[in-house]
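Peer 1: Spelled out, the chains give:
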Amino acid sequence: MGMTITEKILRDHTDLKEIHPGMLINAKVDVALGNDITAPIAIEEFRKAGGDRVFDTSRVILVPDHFTPNKDIDSAMQCKVLRDFAREQDLKHCFEVGTVGIEHALLPEQGLVLPGDLVIGADSHTCTYGALGAFATGVGSTDLAAAMLTGEAWFKVPETMKVVLHGSLKRWVSGKDLILYIIGRIGVDGARYKAMEFTGEVVARLGMADRLTMANMVIEAGAKNGIFVPDEITKTYVQGRATRNWQLYDSDPDAVYGSTLEIDVSGIEPQIAFPHLPSNTRGVSEAGDIRIDQVVIGSCTNGRIEDLRIAAGILKGRKAAPYVRLIVIPATPQVYRMALREGLIEIFLDAGAAVSTPTCGPCLGGHMGVLAKGERAVSTTNRNFVGRMGHKESEVYLASPAVAAASAVLARIAGPDALEAS
Amino acid sequence: MKFRGNVWKFGDNIDTDAIIPARCLTTSDPEALACHCMEDIDSEFTNKIGRGDIIVAGENFGCGSSREHAPIAIKAAGIACVVAKSFARIFYRNAFNMGLPIFESADLWDRVSEGQQIEVDGDSGGVVIIGADTPPLVIEPIPPFMQGLLRDGGLMRHIALKRRT
Ligand code: SF4
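Keeping their order, the protein sequence lines are chains A and B. All letters in the first sequence, in the order written, are residues 1 to 422 by this note's numbering. All letters in the second sequence, in the order written, are residues 1001 to 1165 by this note's numbering.
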């Protein structure tokens, strides 16, 4: 019987000859990831279980990105736990302010996660790496602790939902709009426990940045992992970054899928997810007149150089409207540097933006752009739950970098077309 | 594994930011987290509940982030177990890894009212609403592997025990 790419990767990380959806398995992990929120608990659990040495010093990766540069004493204490542990264990990859970026942008960029890998991360957006043709999923701190100790994790083998995208994309429609549209169609639990495998002629033309954005948000549909079968685009991305071997998997033609979702993308316009669920989506033309106070461009979803180029293209020669706070956060130092060289940072500054060092910051209402009661933000991040960016009576509207940039100029939710027409 | 307590009801898609807001995540101390449990939905929640009470929720309970702070906060607030129509997957594994018992029941939510007392029997796979004349409702059996995790008090104790043998 044929197998999906997800099933093959999982199988090859066990001693089993065959696996099928629903089976509980123990699998070897290639990379185990933690951040400044989740790793302190994992480290404590690791010690409590009598942990002495991590299973592999180059495969346990710590990224303090959420409340960094430390926003207060508590967060400083959490980061210190990571730093002390990294030193003690001689971890090869523990990042520090100055080299740190948002984990899910940083790891692919640095070639630390690769096609065919099995990656767990104590962060729900670990699913991002499925864009590379890896099996990657978010787990809790305790799972991370167990993996740091044993190099293994338990999984229930998911069934796969195949998402086939046909047609051609309208102008300004990006990976962000596609994934928001899909979540809007199937709901925040539409792919619960499942693998989402993206395929079809639209996918074949999507660049790596768009694929990363889409895989990033499959958790918002409840999925265990999102995955793209690797192709030439993947290889081009990975070559020159990887420092270890990698393996390309694909799905068999007779692989068994739990369900298939066929979508013609041709009619889709840029999407907005209204508060307070990522599935609460509409086309930008149906947004109505919604005034905004803040725009955030960044995060593991849309803080890559491709995203900043799109935003800068729209903001060039324009300004954020009075009383709209525009915050731009390159996701990694490398993205920051590229944006600087390409003149994008200057465009943002001219537009009146605050440009921050890489951090999760406002995405989770941590710091660097927290909302007051009653305020509204358009954000390129991935969640708009109640209180996600600050006060519980504030609102977050999720959108692409193009829509976010146009909205900043017009002080209301709007796409680039509306901006050009204004 | 049996639990008897008062029911607190929540709807569908209760996310981890609702269970424990991200702004509270600068600590992982269970007692500190417990004080903020569910506060953005109901700021009085932790004052109202009693030790051993039970949360009954709709679909997709615990969606959102991977924060273990969510089951930790619920457990430390004194909630004995959670019965939902379904759970988000990371919350599901975190709950077992932390030793917080959770059960799936398709019918309980529609039958029970807030404040009623229920008895959840994890061994026989049934829930009884005390004082109501409905027959016991079925809950999904917990797979043996997860039962082992709960019995050992969570994943790490399970691993520590295995390493010793
Ligand atoms: S940018 Fe936001 S979603 Fe991404 S890892 Fe940071 S907090 Fe999580």
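Since the hints were derived computationally from the structure, they do not count as laboratory data. Don't take each hint at face value.
Which stretches of chain B does chain A cover? Using the computed rule of at least three CB atoms under 8 Å from a CB of chain A, they are [as the list claims (entries may be wrong)]: (1) 1057–1068; (2) 1075–1086; (3) 1104–1110; (4) 1123–1137; (5) 1149–1157.
Each computed EDC-like pair below joins lysine to aspartate or glutamate, with the alpha-carbon atoms no more than 20 Å apart [as the list claims (entries may be wrong)]: (6) K162(A) x E262(A); (7) K392(A) x D1012(B); (8) K48(A) x D1042(B); (9) K28(A) x E152(A); (10) K1048(B) x D1152(B); (11) K373(A) x D1042(B); (12) K48(A) x E1140(B); (13) K17(A) x E159(A); (14) K1162(B) x D254(A); (15) K392(A) x D1152(B); (16) K156(A) x E1039(B); (17) K373(A) x E1039(B); (18) K1162(B) x E159(A); (19) K319(A) x E286(A); (20) K1162(B) x D84(A); (21) K48(A) x E159(A); (22) K1009(B) x D1152(B); (23) K80(A) x E109(A); (24) K48(A) x E1031(B); (25) K80(A) x D1152(B); (26) K156(A) x E1114(B).
Quantities reported herein were computed from a predicted structural model and do not represent experimental measurements. Think of the CB as a built atom: it goes at the ideal place given N, C-alpha and C, for glycine as much as any other residue.
Peer 1: Are the hints correct? Go through all of them and say.
Peer 2: Hints and how they fare:
1. 1057–1068: holds (count 8)
2. 1075–1086: violated (count 1)
3. 1104–1110: With 0 residues close enough to chain A, the hint is violated.
4. 1123–1137: Our answer is that it is violated, as 0 residues pass the Cβ test (under 8 Å) against chain A, missing three.
5. 1149–1157: holds (count 4)
6. K162(A) x E262(A): holds (8 Å)
7. K392(A) x D1012(B): At roughly 18 Å apart (the allowed maximum being 20 Å), D1012(B) and K392(A) satisfy the hint.
8. K48(A) x D1042(B): It is violated: about 34 Å lies between the C-alpha atoms, which goes past 20 Å.
9. K28(A) x E152(A): This hinted pair holds, its Cα atoms lying about 4 Å apart.
10. K1048(B) x D1152(B): violated (30 Å)
11. K373(A) x D1042(B): Roughly 17 Å between the alpha carbons, so the hint for K373(A) and D1042(B) holds.
12. K48(A) x E1140(B): violated (32 Å)
13. K17(A) x E159(A): Holds, at roughly 18 Å.
14. K1162(B) x D254(A): Answer violated: K1162(B) to D254(A) is near 40 Å, above 20 Å.
15. K392(A) x D1152(B): violated (38 Å)
16. K156(A) x E1039(B): It is violated: about 32 Å lies between the C-alpha atoms, which goes past 20 Å.
17. K373(A) x E1039(B): The hint holds at about 16 Å.
18. K1162(B) x E159(A): violated (30 Å)
19. K319(A) x E286(A): violated (24 Å)
20. K1162(B) x D84(A): Cα-Cα ~28 Å, so violated.
21. K48(A) x E159(A): Distance of about 35 Å is beyond 20 Å: violated.
22. K1009(B) x D1152(B): Between K1009(B) and D1152(B) the Cα gap is close to 29 Å, so the pair fails against 20 Å, i.e. violated.
23. K80(A) x E109(A): violated (25 Å)
24. K48(A) x E1031(B): Roughly 19 Å between the alpha carbons, so the hint for K48(A) and E1031(B) holds.
25. K80(A) x D1152(B): Given that 20 Å is the threshold and the Cα spacing comes to 31 Å, the pair is violated.
26. K156(A) x E1114(B): violated (33 Å)
Taken one by one, the earlier hints fail for this structure at numbers 2, 3, 4, 8, 10, 12, 14, 15, 16, 18, 19, 20, 21, 22, 23, 25, 26, listed in ascending order.
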